[in-house]
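*Asks:* With chain L fixed as given, assemble chain D onto it according to the hints.
There are 2 protein chains.
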Amino acid sequence: MKKIIDPWGSGLLEDYEKIIKDFGLEIFDVKLFPEANRIMRRGVVFAGRDLKIISDAIKKKKKYYVLSGIMPSNEKIHFGTKMVVENIKYFQEHGAETYILVADLEAASTRGVTLKEARKRALDFHIPAYVALGLDIKKTTFYFQSENKEVMNNAYEFAKKITLNEFKAIYGSADPGKIMASITQAADVLYPQFKERMPGIIPVGVDQDPHIRLTRDVVRRVKERRLFLPSSLYHKYTPSLDGNIKMSKSRPESCIELPEDISLVKKKIKNALSGGRDTLEEHRKKGAIIEKDMVFELMKQHLVEDDRELNKIYNDYKSGKMTSGELKELACIKMEKFMNNFVKGVEKARKQIGRLKFVKFK
Amino acid sequence: MKKIIDPWGSGLLEDYEKIIKDFGLEIFDVKLFPEANRIMRRGVVFAGRDLKIISDAIKKKKKYYVLSGIMPSNEKIHFGTKMVVENIKYFQEHGAETYILVADLEAASTRGVTLKEARKRALDFHIPAYVALGLDIKKTTFYFQSENKEVMNNAYEFAKKITLNEFKAIYGSADPGKIMASITQAADVLYPQFKERMPGIIPVGVDQDPHIRLTRDVVRRVKERRLFLPSSLYHKYTPSLDGNIKMSKSRPESCIELPEDISLVKKKIKNALSGGRDTLEEHRKKGAIIEKDMVFELMKQHLVEDDRELNKIYNDYKSGKMTSGELKELACIKMEKFMNNFVKGVEKARKQIGRLKFVKFK
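Residue numbers (numbering that gives the first Met the number 0), protein chains in the order written: chain L, 0 to 361; chain D, 0 to 361.
Keep in mind that the hints were calculated from the coordinates and are not lab data. Ideal Cβ placement from N, Cα and C applies to all residues, glycine included. Careful, some of the hints might be misleading.
Listed below are the simulated EDC-like cross-link pairs for lysine to aspartate or glutamate, each with C-alpha atoms no more than 20 Å apart in a straight line [said to hold, decoys possible]:
1. L:Lys177 with D:Asp216
2. D:Lys177 with L:Asp216
3. L:Lys359 with D:Glu223
4. L:Lys194 with D:Glu146
5. L:Lys17 with L:Asp206
6. D:Lys148 with L:Glu149
7. L:Lys265 with L:Glu325
8. D:Lys177 with L:Glu165
9. D:Lys194 with L:Glu146
10. L:Lys115 with D:Glu149
11. L:Lys359 with D:Asp315
12. L:Lys115 with D:Glu223
13. D:Lys359 with L:Glu149
14. D:Lys148 with L:Glu146
15. L:Lys177 with D:Glu165
16. D:Lys115 with L:Glu223
17. D:Lys359 with L:Asp216
18. D:Lys148 with L:Glu116
Derived coverage of chain D by chain L (criterion: at least 3 residues anywhere in the stretch with Cβ under 8 Å from a Cβ of chain L; other residues may be distant) [stated by the list, open to error]:
19. 156-167
20. 173-183
21. 196-204
Chain L with its partners taken away, still in its complex shape (with noise of 0.2 Å):
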């Protein structure tokens, strides 16, 4: 079996490796997409379904799309979303119309969102910080779920097409609002393709599978209408600071969100599980253990974008010339630039809201 390529890895590899398997997931060979982004060329984006067909058409430059949703259900993003969105930047810069819709109907079928707050928390958040993390809103169509007919009527026909046993098979669980949300969702996936028959690719989170599964099979069951089937791309979770496999605002002193005050997200760094050793002398000695350090990983999918700076952090880190301290500190530097860059970038982007590209609906 390949393996998932992660030239800095972390501890959680294996994690990863179940997954692909148990899902039935190809192996991300990055070898696939020029000019990949950081997060590609770093091992963080890990597996995807059918990306043969998305590699095709960039570097034929066929017509394709990628698409991805915005969930209002509150004022803060977290770093999984920020890498949905390099990754749809990625293909918005090699050639992928572009589609984000606002899944307001899925605030209210699965929060309880109404959907007014829901439009107004996309609005004055959710797109402005799609477009500090690099969106290009000339180049984006965006949609409320609430007003897309088409995608609501779509829905119903699907549902006609997926038993509850198969919804609980895919989901695990199935109530009435979560049923009613995911087979929107499976509408909205294809909705590009309504007009016109094309490829897509959905980028996710790996958690975000089960809807891609059973968009694929509702393909499957519409042959009529000859829909592609959506590729998909899957990056990892940034881990939480403690270790885990994933960030949990249920354990907030591991967990990092977009925008944080930036006393509070050091003081987290500061505290994080660090592959230093318990003394500098053995630091110096034997080095970092790099695949437990969570700032490390930190720095390799989020702050560090320069290869070769990485790179010089990672040899100093693991011969132990640079301590724990000395790279927590260093990351604190990054973050806050980050941060900042990032409210910035937020404010900046809430005055262009006029400006986007809605789809006009009949």
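*Replies:* Leaving out everything else, chain D in the frame of chain L:
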């Protein structure tokens, strides 16, 4: 306990008394409704929920609405639909705002009928059939579910309020298409109240009560919206000609559809379960057992408008003066007249379809 009033009762009364008890319905009280229609007067309309509020609205000329849905799954209706239309007509003539929706989303999500096909069937047959049966199109507001964003959007909000187990408890089963259709139907039932809070009545066959219960549960859970609980009105089934409680297409020899070839219908009537005695002599002496006579039940429910005429038939048949053959002959004559008028009425109404008042959606 109060009893269902049915002066010309069939043998199926006990079944309906069980339904009333099991579902927690009110027994229909004809005195609540001025100028009661034929099926109300005759105990065919036998139960309801919250009927007093509708009675008050009629008597005090307050705003209220009557609403019903067309399920365009094929190009036939049955006697149950006829009774629904007769009850709609009653409320329409007694001050109700009238709404008829085409449940094209339900046809798609539960039967796999495309929206396009559903629309065609509704316009070609179902709406004209409703007009032929007495609906006043000038006083009726129509819409297609698939065009009504407000209904769809509310369906998603309502979905959050219902669990899968509640759904199963109400419907006995659950699959994604049925869940979406039923929750959407709840939004339909409440749609007239989204603009202005007012009581509404939904005339249905008793097998449709789960939708009423679901809708009432939803209303109770969105208290802050201050919606009226929908009232409902139930008619008995037109019994199968073989004596079963309900006609079923799976027993075609005992089931009459609208429209249906009249020579076939006459044959079915001739073979129907009769209350006539084995010999003429016995019949003259003891008279018919009316409770088990399905042809008399058909005449009572549908074919004889005038109460005095029905009374005379009842007395003649019960006393043995009229034979079973004579009753069936009379039923055939009346059925032929009805079916001819229905077919002509549908054709005529088809030409008026351009004059329907559809909701204009932005």
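*Asks:* Hint by hint, which ones does the structure fall short of?
*Replies:* 3, 11, 17, 21
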